[in-house]
Amino acid sequence: MSNETTGRPAMLPHQRAKIVPTVLLLIGAFYSLVPVAWIVIASTKSNAELFSTFTFQPGTGLLDNVRDLFAYEDGQFVKWAGNSLLYAGAGSVLCTLISTCAGYAFAKYRFRGRTSLFYLILAGVLLPGMTLAIPQYIIMAEIGMVGSYWSVLLPGLISPFGIYLARVYADASVPDSTIESARIDGASEYRIFTSIGLPMMFPGMITIFMLQFVGNWNNFLLPFIMLADESKYPINLGLYTLMSKGSGEPSLYGLAIVGTAVSVIPLICLLLFLQRFWRLDMISGGLKG
Amino acid sequence: MTARTTPPAGAAGKAPGKAAGKATGKRRTTMAPFVFIAPALLFFLAFMAIPIGYALYLSLQGLRIVDEGVFGIRTEVFVGLANYRQMLTDSGFWAGFGRLGLYGIIAVPLTLGLALLFALLLDHGAARSKRFSRVAIFLPYAIPGVVASLMWGFMYLPSTSPFSYLTEKLGLGTIPFLDAGVIYPSMANIAIWGGVGFNMIIIFTSLRGIPPELYDAARIDGCTEWRIAWRIKVPLVAPALVLTGLFALIGTLQVYGEPTMLSPMTTEISQTWVPLMQVYRDGFIRDDLPLAAAGSVILAVGTLLVSLLLLKITQRRAFGGIQ
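Chains as they are written, first to last, in the working numbering: chain A, 1 to 289; chain B, 290 to 612.
Hints were generated in silico from the structure; no laboratory data involved.
We put the CB at the ideal spot given by N, CA and C, even for glycine.
It is possible that part of the hints are untrue.
For each label pair, taking beta carbons as the anchor points, the in silico distance ranges come out as [stated by the list, open to error]:
| # | chain 1 | residue 1 | chain 2 | residue 2 | range |
| --- | --- | --- | --- | --- | --- |
| 1 | A | Pro266 | B | Leu600 | 35 to 41 Å |
| 2 | A | Met145 | B | Leu598 | 34 to 40 Å |
| 3 | B | Arg497 | A | Gly186 | 39 to 45 Å |
Quick partial rundown of chain B residues pointing at chain A, CB under 8 Å, derived from the structure [stated by the list, open to error]:
| # | residue |
| --- | --- |
| 4 | Ile326 |
| 5 | Pro340 |
| 6 | Ala344 |
| 7 | Leu542 |
| 8 | Met550 |
| 9 | Leu565 |
| 10 | Gly572 |
| 11 | Ser585 |
With these hints in hand, go ahead and build the complete structure from the sequences.
See below:
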């Protein structure tokens, strides 16, 4: 690199044209990474170091912090992580299946009320979480499910946007002619769906799953309203609990920081791993139906 | 009810083979689509339609003390629009919308503007280190909003902030990130940080779908990269911009977790800082669920109006692929 640039007195215009966009992108990358770097470094600090040393200077307390985190109230943190996995993981798999079935039907069949039913469901995108959460809470209380795993899991199984995406994807990726030839061969509608529709929609399903997973993992309001028992909290809510207790007990700030670092790293790895499978052109309308 | 299966596209135009003609010409009726839609419909009814209906009903109820004996007992009675009147005449509720507006005016345009800028740069032929930048800028998407608030919160807090550390070393004192006034850009920054990457990817994927021949023609005509971006790329990704704008707007109106997370760190964020926080307080701290339901319905109607307005202005270009 230095070989090329040394010996040239002035920068050529096309080189400058290269540098400006690159620098801007790198500034964006830096902005995005700083808080992550901060939390990782802060997690290595002991409580005394946290408030005394320069914030980007690694500390010496990482192992102690991690031990404290996992020891907090008999391994409460591990429970929270497991709960988050359950709400986000199991919830998203089921939601993806439900959305895919519905999206496929909306795309591949003509039936009365198809358009109005589709738009009715799609309008659900506009409903604020709180508007739904209040009556959901009362209904859950009526049937005695408030505070249970179900109260957080079940409402997350319907995703209007997931159904919309599944429909867009089915429109674009499952050709009518393929379905028709399977029909001619005598396959039942269900057989066609499981052995032709589902495999063809798989990349789209991964995208729906990831969006739903991140959405459920991030969901704060619903568990906040539904759950009272700390052992059923997802990580989000657990960290919030540490924070709000922390204003009276500063040592919990340290725990919240390590907890954040520990919870963020696997999520980042998952994202980096799965991002190559994403078909986000579904959302932007890049698919031709 | 019954449904027709779709005839293959262009089947009518094909030369009708004898065997195929028989099979495709006859439209079968099947229950299959209803079976496929049934689970979604069931959950839609149970967790969206019925709750919304119930919220509307609840918002017309009120807890009133009914005088029976020595102790008044709070019971639910029909109060008409009293809850709505109470919410709409509550200056605190409106002040919450004011704060929300201030926050949104900073957060939404900057999120979309930066997302568009980075998407265009990623699509720019000359830029380097694109892969790294794309992944890095997208990364915050994986981090929950409340966790992002926690991270930024510590970076705002004078005792742990790296920025305040530097300014203090320079003898300038700490930066009051969490004080009155500054709290708006500070809160908006969290939303921008979390939102730019995802929107950037959506716009970028949309840009990739533009046939490159369009640019060649413009270049032959002597267009600069800047003009190509502004005159060709931006108009062509308009549907993606509308969609991301719509989601950013809906997200802003529903902001709740982020200020709640920051509230232990600053006295600036009250229990009624944004409308949803007030709704939560009314419903779950003061136990007045009917009033909270009315508040949440007002918010839902507001969201609907703002969304429709946006779609109207932009001529319904979002969700345009579906007829």
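To see whether the hints hold, each was checked on the structure:
1. A:Pro266 - B:Leu600: 35 to 41 Å: Holds: the Cβ-Cβ distance is about 38 Å, inside 35 to 41 Å.
2. A:Met145 - B:Leu598: 34 to 40 Å: holds, 38 Å
3. B:Arg497 - A:Gly186: 39 to 45 Å: Holds, since arginine 497 (chain B) and glycine 186 (chain A) (Cβ atoms, about 41 Å apart) stay within the stated range.
4. Ile326: holds, 5 Å
5. Pro340: holds, 4 Å
6. Ala344: Holds: closest Cβ of chain A sits about 4 Å from alanine 344 (chain B), inside 8 Å.
7. Leu542: holds, 7 Å
8. Met550: holds, 6 Å
9. Leu565: holds, 5 Å
10. Gly572: Status holds, d = 6 Å.
11. Ser585: Because about 4 Å separates serine 585 (chain B) from the closest Cβ in chain A, which is inside the 8 Å limit, the hint holds.
The structure shown violates none of the earlier numbered hints.
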